[in-house]
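Respectively, the protein sequence lines represent chains R and P.
According to the working numbering, the first sequence is numbered sequentially starting from 136.
According to the working numbering, the second sequence is numbered sequentially starting from 136.
For the record, the hints were derived by calculation from the structure and aren't laboratory data.
Keep in mind it's a predicted model, so treat the numbers as computed, not measured.
Just so you know, not all the hints are guaranteed correct.
Remember, identical chains collapse to one label, so a pair may be satisfied in a single copy or spanning two.
[As the list claims (entries may be wrong)] Once the Cα atoms are required to be at most 25 Å apart in a straight line, the calculated DSS-like pairs of lysine-lysine come out as:
(1) Lys555 <-> Lys509
(2) Lys415 <-> Lys493
(3) Lys411 <-> Lys509
(4) Lys209 <-> Lys199
(5) Lys415 <-> Lys509
(6) Lys581 <-> Lys555
(7) Lys493 <-> Lys165
2 protein chains.
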Amino acid sequence: MPLITEILAEASTLVEPDERERRLVSETAKRLLSVCRDEFQQLEGVVDISVEGSVAKDTWVKGKAEVDIFIHFKPEVGRQGLEAAVLSAGGRVIERLSGRHWLRYASHPYVEGEVSGIRVNIVGCFKAEPGRWISAVDRTPYHTAFVNSRLTPELRRDIRLFKGFLIGCGLYGAEIRVEGFSGYLSELLVLSHGGFLETVRRASSWRMPVFIDMAGRLRLEEALKLFPKAPLIFNDPVDPSRNVAAAVSESKLAEFILACKIFNSSPSLSFFQPPKPWGKELAADVGSRNLLGIAFTVERRQPPDILWGEIKHTLRGFARRLEKEGFQVYRCDAWQLSDEVVLLYELSSLSLPENVLKVGPPVWMDNSLEFIEKTMSRPNRVAGPWVEGERLYSIVRRDESSAEQLLRSWIKRREVAISKELLNSVERGEILTSRTGLVERLSRDKGHEALLREFLEGIATPIRHWIKRC
Amino acid sequence: MPLITEILAEASTLVEPDERERRLVSETAKRLLSVCRDEFQQLEGVVDISVEGSVAKDTWVKGKAEVDIFIHFKPEVGRQGLEAAVLSAGGRVIERLSGRHWLRYASHPYVEGEVSGIRVNIVGCFKAEPGRWISAVDRTPYHTAFVNSRLTPELRRDIRLFKGFLIGCGLYGAEIRVEGFSGYLSELLVLSHGGFLETVRRASSWRMPVFIDMAGRLRLEEALKLFPKAPLIFNDPVDPSRNVAAAVSESKLAEFILACKIFNSSPSLSFFQPPKPWGKELAADVGSRNLLGIAFTVERRQPPDILWGEIKHTLRGFARRLEKEGFQVYRCDAWQLSDEVVLLYELSSLSLPENVLKVGPPVWMDNSLEFIEKTMSRPNRVAGPWVEGERLYSIVRRDESSAEQLLRSWIKRREVAISKELLNSVERGEILTSRTGLVERLSRDKGHEALLREFLEGIATPIRHWIKRC
Numbered sequence: 136m137p138l139i140t141e142i143l144a145e146a147s148t149l150v151e152p153d154e155r156e157r158r159l160v161s162e163t164a165k166r167l168l169s170v171c172r173d174e175f176q177q178l179e180g181v182v183d184i185s186v187e188g189s190v191a192k193d194t195w196v197k198g199k200a201e202v203d204i205f206i207h208f209k210p211e212v213g214r215q216g217l218e219a220a221v222l223s224a225g226g227r228v229i230e231r232l233s234g235r236h237w238l239r240y241a242s243h244p245y246v247e248g249e250v251s252g253i254r255v256n257i258v259g260c261f262k263a264e265p266g267r268w269i270s271a272v273d274r275t276p277y278h279t280a281f282v283n284s285r286l287t288p289e290l291r292r293d294i295r296l297f298k299g300f301l302i303g304c305g306l307y308g309a310e311i312r313v314e315g316f317s318g319y320l321s322e323l324l325v326l327s328h329g330g331f332l333e334t335v336r337r338a339s340s341w342r343m344p345v346f347i348d349m350a351g352r353l354r355l356e357e358a359l360k361l362f363p364k365a366p367l368i369f370n371d372p373v374d375p376s377r378n379v380a381a382a383v384s385e386s387k388l389a390e391f392i393l394a395c396k397i398f399n400s401s402p403s404l405s406f407f408q409p410p411k412p413w414g415k416e417l418a419a420d421v422g423s424r425n426l427l428g429i430a431f432t433v434e435r436r437q438p439p440d441i442l443w444g445e446i447k448h449t450l451r452g453f454a455r456r457l458e459k460e461g462f463q464v465y466r467c468d469a470w471q472l473s474d475e476v477v478l479l480y481e482l483s484s485l486s487l488p489e490n491v492l493k494v495g496p497p498v499w500m501d502n503s504l505e506f507i508e509k510t511m512s513r514p515n516r517v518a519g520p521w522v523e524g525e526r527l528y529s530i531v532r533r534d535e536s537s538a539e540q541l542l543r544s545w546i547k548r549r550e551v552a553i554s555k556e557l558l559n560s561v562e563r564g565e566i567l568t569s570r571t572g573l574v575e576r577l578s579r580d581k582g583h584e585a586l587l588r589e590f591l592e593g594i595a596t597p598i599r600h601w602i603k604r605c
Numbered sequence: 136m137p138l139i140t141e142i143l144a145e146a147s148t149l150v151e152p153d154e155r156e157r158r159l160v161s162e163t164a165k166r167l168l169s170v171c172r173d174e175f176q177q178l179e180g181v182v183d184i185s186v187e188g189s190v191a192k193d194t195w196v197k198g199k200a201e202v203d204i205f206i207h208f209k210p211e212v213g214r215q216g217l218e219a220a221v222l223s224a225g226g227r228v229i230e231r232l233s234g235r236h237w238l239r240y241a242s243h244p245y246v247e248g249e250v251s252g253i254r255v256n257i258v259g260c261f262k263a264e265p266g267r268w269i270s271a272v273d274r275t276p277y278h279t280a281f282v283n284s285r286l287t288p289e290l291r292r293d294i295r296l297f298k299g300f301l302i303g304c305g306l307y308g309a310e311i312r313v314e315g316f317s318g319y320l321s322e323l324l325v326l327s328h329g330g331f332l333e334t335v336r337r338a339s340s341w342r343m344p345v346f347i348d349m350a351g352r353l354r355l356e357e358a359l360k361l362f363p364k365a366p367l368i369f370n371d372p373v374d375p376s377r378n379v380a381a382a383v384s385e386s387k388l389a390e391f392i393l394a395c396k397i398f399n400s401s402p403s404l405s406f407f408q409p410p411k412p413w414g415k416e417l418a419a420d421v422g423s424r425n426l427l428g429i430a431f432t433v434e435r436r437q438p439p440d441i442l443w444g445e446i447k448h449t450l451r452g453f454a455r456r457l458e459k460e461g462f463q464v465y466r467c468d469a470w471q472l473s474d475e476v477v478l479l480y481e482l483s484s485l486s487l488p489e490n491v492l493k494v495g496p497p498v499w500m501d502n503s504l505e506f507i508e509k510t511m512s513r514p515n516r517v518a519g520p521w522v523e524g525e526r527l528y529s530i531v532r533r534d535e536s537s538a539e540q541l542l543r544s545w546i547k548r549r550e551v552a553i554s555k556e557l558l559n560s561v562e563r564g565e566i567l568t569s570r571t572g573l574v575e576r577l578s579r580d581k582g583h584e585a586l587l588r589e590f591l592e593g594i595a596t597p598i599r600h601w602i603k604r605c
């Protein structure tokens with residue numbers, strides 16, 4: 136086994152940008168700043184223009200630089216004034232630099248674009264005193280200042296390693312699709328533990344809920360009250376009432392703890408490289424897997440976080456409905472490739488037993504005789520009613536027992552929680568099972584096939600780094 | 136609908152013995168008493184000989200008379216002395232009356248026989264003061280005296296009606312096979328409520344646990360402490376620390392409450408007649424019912440209550456094992472025809488899903504990495520391990536998924552709770568399913584076929600009296 140220092144040295148070459156990239160990023164940022172000054176400083180209420188984010192902190196991972204330019208407005212300008220100014224002048228800035236640009240939406244709209252092959256964002260914020268925030272991004276300049284005031288060259292390297300580790304384990308990103316670790320959270324974790332290895336070592340023995348307070352301003356009991364359901368609480372040193380880790384889901388935090396455990400016991404360079412798509416052929420006996428898929432096309436006008444919120448809501452809606460009906464849902468997942476979304480479920484069976492046990496009232500209830508009369512008049516009565524313990528029971532034949540047919544009728548009759556925005560798409564979508572062409576349908580497209588193969592293997596990303604060498 | 140008085144008048148003719156039967160029973164009892172005096176009074180320690188039970192109280196149901204002769208011994212004789220005397224002299228008594236006799240065993244052995252076509256029992260008891268009981272039957276003479284001191288001709292008629300009602304609803308008998316109402320309990324219920332109709336009316340609004348204390352000697356809280364799991368508590372007026380209804384199971388009590396409810400809302404003569412065997416043909420689609428049967432032969436040397444204790448223990452043992460493995464047991468039943476016992480289960484399915492979800496440890500447990508290694512090395516791994524919430528999961532292929540095959544291997548490997556005494560019988564028995572000849576096998580014998588048909592309909596006896604007219 137190579138020494139950990141050797142692994143980290145090699146990993147550094149994967150995450151540290153080279154001179155060429157540094158120069159390109161720095162020049163792009165300078166040019167953007169300069170054109171922004173030109174376009175924005177003449178506007179009423181603009182008080183400052185700054186570079187923020189990982190470029191300002193020199194903590195971006197090789198090949199992943201994004202230049203974030205923040206335009207600071209006086210509060211009097213108001214949200215509408217800020218948005219209008221950013222959208223019109225921001226677009227002009229990028230056009231003047233011969234880049235492409237489009238609209239994005241986080242807490243408010245901003246301009247995203249590409250200049251010299253580098254992703255750039257032009258974001259408006261309000262010049263606000265700490266605690267008197269107007270928009271969600273008003274904290275960002277304070278975040279940049281806080282982190283920069285504590286950085287050393289060693290910590291910069293360790294932050295890049297840590298971000299590379301998270302990317303390699305599929306845990307980087309606070310988007311709803313990922314539910315993982317944001318850049319700022321990654322930086323704070325390394326800062327608070329004093330380095331990459333220390334962070335990974337400590338995290339390997341975490342047990343949820345985890346609470347970290349760099350500034351020592353909150354007690355555990357207060358934190359648990361403020362953020363009652365959060366598996367990871369890292370209160371923002373810039374604003375203690377905010378949880379920097381609010382986006383991290385329980386599963387993703389658990390995968391992170393596991394990744395740290397595995398890395399500690401068996402470190403390798405592999406953890407810093409996203410694993411390659413699963414290489415195995417689609418197994419011949421895929422038909423013995425009880426898969427149920429819903430494939431549909433969406434319009435891509437929605438911001439990804441909104442769309443992914445709807446996808447996850449719908450994914451859970453079907454899972455709950457299937458379980459309510461008596462199916463056992465082993466697991467589920469969703470993916471999106473360009474306009475196409477696939478929801479995929481693995482069930483214990485694709486059909487329910489033909490007959491179902493009906494639990495009636497206890498005999499002492501007023502409606503016990505009613506249950507008997509109703510049961511006897513059912514054309515689908517199979518057996519009963521009989522008494523067991525204090526209750527009445529009967530067995531009746533189901534009208535429909537196939538998961539595929541049930542899904543179709545639930546969608547048609549609106550008997551399942553589907554996001555309103557996706558309803559039409561899902562209605563027009565395809566329902567497929569491993570017995571009725573799901574594999575064929577998804578194998579038509581290489582991207583879908585790769586994701587299907589990964590679903591079939593079902594091995595969490597951090598574990599994949601390890602089992603390669605098991 | 137006929138008047139309730141008309142129904143009861145007609146029911147009386149079904150339960151009241153006619154003059155011929157009365158004369159035969161009374162003469163048989165007299166002859167037995169006389170020969171018993173001859174055989175027993177010469178023996179040391181015999182202090183009295185008496186007729187007990189329903190004949191002594193004139194409360195037997197037409198055609199169901201049993202003459203119980205009790206031989207009262209001094210306590211000094213001891214159990215062994217009592218048993219030896221009863222078994223030898225008791226046998227001689229019945230032989231002298233040209234009857235057949237055999238040994239029975241309740242709390243201690245006694246002689247059962249048949250004389251002039253009437254069932255007779257010769258039972259030994261100790262002359263004991265109340266509260267200083269030596270054997271369980273020492274209370275019986277006090278029961279007889281207590282009931283007789285309170286009887287009137289009307290109450291005798293009502294007790295016979297009530298017993299007839301219980302017989303007609305399959306609820307009469309304290310044997311383990313039945314788990315229902317003993318003769319003495321039936322008498323006390325009618326006495327305490329003042330009549331048949333009053334008993335049925337009150338019982339129709341019972342809710343478990345039910346507590347009745349004729350003598351007013353026990354408070355509810357005391358009773359619930361003394362008999363913590365009893366659904367029906369009727370403390371013996373002759374011995375308040377004893378629950379006369381100890382044999383009544385929750386299901387049988389619930390069936391009784393239901394029977395009373397149904398009779399109140401829709402009285403008919405039918406309730407006083409055991410329902411005829413289910414008349415329908417065996418349905419053609421019996422194969423769609425997921426039935427699993429175990430048929431085996433027992434030696435009939437065991438007393439029925441012992442055998443039925445073992446049958447019920449084994450019936451539940453298989454049910455628990457099936458459920459533990461993942462089968463859903465809708466219901467089960469057992470029957471015995473001569474030497475043959477059948478245990479029958481209706482399941483949601485005769486086979487389990489091919490793949491099964493394995494729930495691993497939470498990631499923070501020390502053995503989480505072990506679970507991953509173990510899973511990856513399993514030849515039957517299907518998918519995973521993955522992380523969901525805080526836990527690891529995987530899907531593995533089952534080695535065996537058919538209920539029939541699983542049952543065979545559990546029996547062979549002693550992995551199911553079977554009564555020791557039945558183990559050999561069950562091992563040599565047949566395992567049958569609705570797909571593999573269960574119906575054919577049980578249709579060979581008319582008795583089995585009738586019981587199978589009743590199982591398939593699965594309608595509780597009290598309900599059958601009603602639905603005939605639904």
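Here is what the structure says about each hint:
Proximity of Lys555 to Lys509 under the C-alpha cut-off of 25 Å is found in neither arrangement, the shortest distances being 37 Å within a copy and 43 Å between copies. Taking the shortest alpha-carbon separations for Lys415 and Lys493, only the inter-copy value of 23 Å comes in at or below 25 Å, while the best intra-copy value is 45 Å. Proximity of Lys411 to Lys509 under the C-alpha cut-off of 25 Å is restricted to the inter-copy arrangement: shortest distance 24 Å between copies versus 59 Å within a copy. For the homomeric pair Lys209 and Lys199, neither the shortest alpha-carbon distance inside one copy (32 Å) nor that between copies (101 Å) is at most 25 Å.
Proximity of Lys415 to Lys509 under the C-alpha cut-off of 25 Å is restricted to the inter-copy arrangement: shortest distance 21 Å between copies versus 55 Å within a copy. Taking CA atoms no more than 25 Å apart as the test, Lys581 paired with Lys555 passes in neither setting, with 30 Å inside one copy and 61 Å between copies. With identical chains, the CA atoms of Lys493 and Lys165 are never at most 25 Å apart, being 71 Å at best within one copy and 55 Å at best between copies.
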